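Starting from the given sequences, assemble the full structure and let the hints guide the process.
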Amino acid sequence: MFWGNSAKVKLDRALYDKVAKVADVAGYATTDEFVAHVLEKEMLHFENMKGDDDIRAKLKGLGYIS
Amino acid sequence: MFAAIQNWRRQSTYGDPIVVVSGLPRSGTSMMMRMLDAGGLGTVTDGIRTADIDNPKGYFELERIKDLEKEADKSYIRQSRGKVIKVISFLLKDLPPDNFYQVLFMRRDLDEVLKSQDKMIEHRQADDPTQNDTLKEAYRNHIVSVRRMVRNAPNFAIHEVFYAQCVSSPGQVATEVNAFLGGRLDAAKMTAAVDPSLYRNKSG
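Respectively, the protein sequence lines represent chains A and B. Counting along the first sequence from 1, when you hit position 11 you're at 11 in my numbering, and nothing is skipped either side. Counting along the second sequence from 1, when you hit position 128 you're at 1128 in my numbering, and nothing is skipped either side.
I should point out that these hints are in silico values taken from the structure, not numbers from a laboratory. No false leads were mixed into what you were given.
Computed cross-link-like contacts, DSS-like style, restricted to lysine-lysine with a CA-CA straight-line distance of at most 30 Å: (1) A/Lys-60 with B/Lys-1057; (2) A/Lys-60 with B/Lys-1070; (3) A/Lys-41 with B/Lys-1115; (4) A/Lys-60 with B/Lys-1083; (5) B/Lys-1115 with A/Lys-60; (6) B/Lys-1093 with B/Lys-1136; (7) B/Lys-1066 with A/Lys-60.
Because the structure is a prediction, the values reported are computed rather than measured.
Pasting the structure below:
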């Protein structure tokens, strides 16, 4: 899709070919759908506030934050 | 050369750099503070947290930094220009944006970090509701996130230092750190400040 709420990401051709094969085998409708799904899962790690809560609790116990 | 130009631009915009020793607790931040102190860089510390079994040679900390996340007035940080201050990685995001920070980011095997933190928690007899398997994953994500934040910020420069290398090859680390900071320190004294016997047989 060229219009609307989407943007392009460049990938190395060799990597793209591998990703496309895996997307096909895994049953995704398109390679884009597979890439988006993987990235969404990965983003959850970074946006996981529970992780921050754990770190904050540990740092308090260690005496590094108040 | 490019880094030198970048630093010159940062310095002309933000003033003299504040050297920040950062990383997770128990990743070698106090060791690096001691190296920089020995090398001739002024340290910003209040001496409130004194040496103990976990850090026999002292912590080099500023108590007020613990409140960095909550405090509205952070103007005191500016007084650290030209010196070095310890700020754990969790609080780097809370540093005020009007300074140039040269970050020495300490890295250490996460299992060693967790083991050492557990010992410290035990010594402090503090509550610890966390589980190490989930915390390890959280730390891993946290480090990625911090590195990305620092690399994208216009007023930050970062140099990563690996704990194991610091203990095994302090001379090389001292030379690299000194180069990162512009070559103004005494690398030989920095090297001598590392006491391998203190670290070799302990996981903390």
